[in-house]
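J.: Below, each chain spelled out in residue letters.
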Amino acid sequence: MIDLFSPMGAARALLPEIVLSAWALLVLLVVAWRHRTAADCRLAGWLSAAGVVASAAALVWLWSSGARSSGLDHMVTLDWVRFGGAAVILFSAFATILVSIRYLDREGLTAPEYYPLLLLSTVGMLFLAGAADMIVLFLGLEVMSVGVYVLAGYDRRNPASAEAALKYFLIGAFASGFLLYGIALAFGATGQTNLQLIGAQLAIGPASLMARLGLALLIIGMAFKVAAVPFHMWAPDVYDGSPTPVTGFMATGVKVAAFVALTRVLLVSFPGFDQVWQPIIGVLALVTMIVGNLIALAQKHVKRMLAYSSVAHAGYLLVALWPGTRLGAAAVLFYLLAYSLTTIAAFALLGSLGTGGERDVRFDDVAGLARRRPWTALGLAICMLSLLGFPGTIGFIGKWTILQAVLAEGHYLLPVVLVITSVVSAGYYLPLIMSMYMKPEGERPAWKELVLAQPGAAIVFATIAAVVVFGILPSGIVDASLRSAATLAQTVMPMAGR
Amino acid sequence: MNGFLDSLNYGQWILHALVLLPVIGIPLVLLAPERLAKHVALGVTLLTFVVSAGLWWHFDPSAGMQYRTAIPWMPRWGISYAVGLDGISLFMVLLTTLLGPLSVLGSYRYITERERGYYALMLALLAGLIGCFLALDLFVFYVFFEIMLIPMYFIIGIWGGANRLYAAIKFFVYTFFGSLLMLVAIIALVWKVALATGELSFGYDHLLRNAAAAGDLAPWLFAAFALAFAIKVPVFPFHTWLPDAHVEAPTAGSVILASVMLKIGTYGFMRFAVPFFPDVAMGDPVRTIIVVLAVIGILYGALVAMVQPDFKKLVAYSSVSHLGFVMLGIWGGTLASVQGALMVMIAHGLSTGALFFLIGMMYERRHTRELAEYGGLARVMPVFGMVLTLVALASIGLPGLNGFIGEFLVLLGSFGRYPAAVVIATLVVIVAAAYLLGALQKIIYTRLDRPENQGLTDLTFREVLVLLPLVAGIVWMGLAPGPILRRMEPAARAFVEASAQTDAPAGRTVLGQGEVAP
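Chains as they are written, first to last, in the numbering used here: chain A, -19 to 478; chain B, 52 to 569.
This is chain A alone, in the form it adopts within the complex:
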C-alpha cells in the first residue's frame, strides 16, 4: 500500500520515472564533456541503455511488490495498466537505443544529445501512460512530444528530417491546444482534474453539453497523437523523414503512451458517456482502417508503406477501444504489445538496410535479400506476417483479441471491415516478402551496405523470437492483459477457468 499523498509514497510510486529523469540529466552532464567523437556518442548510447535498464528494474520492483494506492489515485496511478504500458515503452526505448548506436555511426550523426532527448521523451511517455490526473496527462504528453519533435529533426543535413520536425511540431502544438481545451471544459463541467473524480462527478448529474464537448476535444487531441484518420496527415511525412530508429520509437512508444492514456480517460472518466464516444471512436476506426490500408497499398517505398501501415494499425486499436469493456481494454493492451514488438523489429531491420539513406529503399531494392542476408530477410518476413495478423505470430493473437472483444458485444460491422482491410494489407506486406524471396537481385540492392551490429542484432533477434513465441503461447500475456484491464472496466463475461 502506498499513500500517494505523502512525499515518500509519491517518490516510491514514481521511482521508474525519477530514476530515468535523473539518469537523463546525468547523461547530459557526461555529454557536456564528451561530445566530439563517435566513441563519445557510443558511450552516451551505452550509458542511456543502462539508464533504461535501471528504470526497468525500479518498475519491476514496484510491480512485483504489488504496490497499490491506499486511497484515491492521486496524480499517478498504481495499476497494471500503467506498469504494463511502462514495460512496453521502456522496451521500445531500450531497443531504439541499441539500434541507434550503430545507426548514428553509419549516418555520421555524432551528436550524443540524441540519447538524453530520447530518455526524456521516454519519461514523458511513462507519465502519460500512468497519469491519474489531467494535468499530469498533459505534462507527460508535452514532455514526450517536445523530445520527439527534436529527435524527428535530428538529421540536420537532411531537409526531409527538418520538414518532419517542423510539421510534427506545428501539428503537435495544434493537437495540444485541442487537448488542453478539452481538459479545461471537463474541469469546467466537474470542477475536477483527477480522472476518477471526474468520472464520479459525471456519474451523478445529467450529461452536460460542456462535458460532452470536452470529451470530444479530448478525443480529437488524442487522435492527432495516435495518427487516426482524418488527423493523420502529419504521420507519413514525419515517419518518413525522421531517422529510422526514431520512426520506430515514435510509431511504438508514442502510440502506446497515447493509447493507454486515451483508454484510461474514456473508461475511467467517461464510462457513462459511451453513447457519445462510441460513435466517434467507431467512425474514426472505420475511416482509419480503410484510408490507412488503401493509401499504404499505393506506396513504393518500404518506409512510407510502414508509416501508412502504422496509421492502419491505429485503426485496429480504435476498434479494440470501441466496446469499452474489459475485453476491449485488454485487447487494446495486448495489441499495443503485439504491434510494438513487431514494429520495433521491422524498423530496426529497415534501418539496417539502405543505399545511402534507407528512406529510398523501394520494394524492388530488397530483391534477392533472402539469398544474401537470409536472417535479415527471415526477420522482416516474420514482421510482415505479424503485421498482417497471420497465425503463428503475436499479431494474429492481437487481431483475434480485438475481434473477440467486439464480437462479444454482438457488433459486426467493425470486425468485418477489420478483416477485409486486413486482406487489403496483404497487398502491401506480401510484396515485400515476395521481393525478398522470389525476385532476382535488382540493380540497386539495398543490402550492399547492410549494417546491424551485435547489440542491435541481439535485440532484434529477441524481439522477433518474442513475436513468434507469444504468437504460439500467448496465454500468460492474455491473462495479464485481462487482469490489467480489470482496473479500467468491470464486466462479467463467460470465461472458462475464471
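These aren't lab readings, by the way, just hints derived from the structure by calculation.
The structure presented is a predicted model; accordingly, all values stated were derived computationally and were not measured.
Just to be clear, a hint being listed does not mean it is correct.
What the hints assert, rightly or not - In silico lysine-lysine, BS3-like type, Cα no more than 30 angstroms apart, as pairs:
no.	chain 1	residue 1	chain 2	residue 2
1	A	K147	A	K280
2	B	K221	A	K419
3	B	K493	B	K364
4	B	K221	B	K364
5	A	K419	B	K364
6	A	K280	B	K493
7	A	K280	A	K419
Chain A is fixed; fit chain B onto it per the hints.
T.: Chain B alone, transformed into the frame defined by chain A:
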C-alpha cells in the same frame, strides 16, 4: 496387427505424432547439408506414412470420432489443442501421408536450387494439412487452415513457373479473404454460444451441440464459413485462382494442392459448415444455390478443360469438375451420396495426383506442357504410356477403377432429390471422356512425328516408384471399395443425420439448458 499396435499404445500418441513428425523434420532438413536435404525429407515423410498406416487396422470401423485427446492451450479462452479422427478424416489423413513421401520423391529432379528451404516448406505444408483434418477445436482448425497458406505461397512463388508471382499472390489473397471472414464467423458463433450456455469454448462438440444459439445470425455465419470453404474447393465462380496456381506451381506443389488442399474445402463443409447450420445449409435458397453452382462447376470445368492446349491446365479444370461432384454428393443428403462424395475426394486425390506427377515427368523431359508438342510417346515411353492411360481412365470414371465408384454413388444418391442436376452431371461424364481421351490421344498415340520426342527416355526407377503406390491404390480402390466404405460409414451416417435435421432440432440441446462446464 492390432495387438502389436496396442502394445505400443498406438492410440495414445498417433495423432500427435502425425503432426509432430513433419514439424520435427523441419529443423532436421534445414540443418542437413544441401545435398542430403531431400533424403532427410523423404525419410521423415516415409516415417510419417508408415506410422499413419497403422490407422488402417487400428481404426474402429464401427465407431465415430476416435483417438480424442485435448491438451489445454489457452484455458482462459476455452481453447485446447483438441484432435480426433473419424471415418471422414481418416482417409484424408492417409491420403496426405501417402502423398507426402511421393511428393518429396517426385521433386528430386525438378527442384535444383534452395533445396533445404523447399523441403522444409513441404514438411510444414504437410503438418498444416494433417493438423487441419484432425482439429476438433475451431481455433486450432483455423490456425492450421491459415498456416498452410504460407508454405504453399512460397512453394509457388519461389519454385514456380514464369508467371509465379501473380499466381502466388492471387492464391494467397483469395484464400486469405475467405478465411478471415470465417474467423469472424467462428468468434461470433463461439460468443453467441458462450452467452447462451455460459461456457466459452472453441471446442467442436460444444459448438455442435449448441450451434442453434446462433439464431438469426445463422445464415450469415453459414455464408462466411461457406465462402471460405467454397474458395478452397473451389466452387464455381470462386475457382479463378486455381488454374493459375496449378499451372505455375512446381509438380509436387500441384499434387498437394489438387490432391489434398482442395479437399480441405469439402471437408470443411462436411465437418463444420453443414453440421453447424443444417437448417440453413439444407434449407431452400442455399440448397438450390449450392446444387446449381455444383452442376455449373461440373459442366464448366469439363467444357473448359476440353479446349485447353496446356495439359496441366486441362487437369486443373477437370478438378473443378470433379469437386463439383463432391459438392453435389454432400448436398445429396443420402448415405450413398455422402459416401460417394468421400470416395470421389479420395479417388480424385489419387488419380489427379498421379496425373500431375506424369505431367511433371513429361515436363522434365521436354520442358513444355503443350499437348500439340507431343504425339506418339507410347512408342518411346511405353511404361509412361501405360500408366497415363490407366490413370486417365480412372479419372474419367471407368468401372473397375477408382473414379467410377464415387461418381456412381453420388449420382445414385442424389437422384432422389435433384434429378435434373444428376441428369446433367451424368452427361458431363461423357465430356470428361472426351477431354481426357483426346489429350491421351494427342500425347501418346497418333504419330511420333516430332524429332524432339524421338529421343525421350522412359520412366526411371525413381519415377516408377513415385507412381506405383498411386496406381496400386487406384486399382485396389476400384476393385475392392468395401473396406473403405465400411470405415467411413458411421461418420457418413452421422453427417447425413446431422444435416437432415431441417426442423425442430430434437437431438440437440435446447437453448437455456446448456451444459455446465466440467
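J.: All hints, please: hold or fail.
T.: Here's how the hints hold up against the structure:
For the hint linking K147 of chain A to K280 of chain A, the alpha-carbon distance of about 22 angstroms falls within 30 angstroms, and the restraint holds. For the hint linking K221 of chain B to K419 of chain A, the alpha-carbon distance of about 17 angstroms falls within 30 angstroms, and the restraint holds. Restraint check for K493 of chain B and K364 of chain B: satisfied, since their Cα atoms lie roughly 15 angstroms apart, inside the 30 angstroms limit. For a cut-off of 30 angstroms, the pair hint linking K221 of chain B to K364 of chain B stands: about 16 angstroms separates their Cα positions.
Simply put, K419 of chain A and K364 of chain B have alpha-carbon atoms about 25 angstroms apart, close enough for the 30 angstroms limit, and the pair holds. Distance restraint check for K280 of chain A and K493 of chain B: the Cα-Cα separation of roughly 47 angstroms exceeds the 30 angstroms cut-off, and the hinted pair is therefore not satisfied. Simply put, K280 of chain A and K419 of chain A have alpha-carbon atoms about 16 angstroms apart, close enough for the 30 angstroms limit, and the pair holds.
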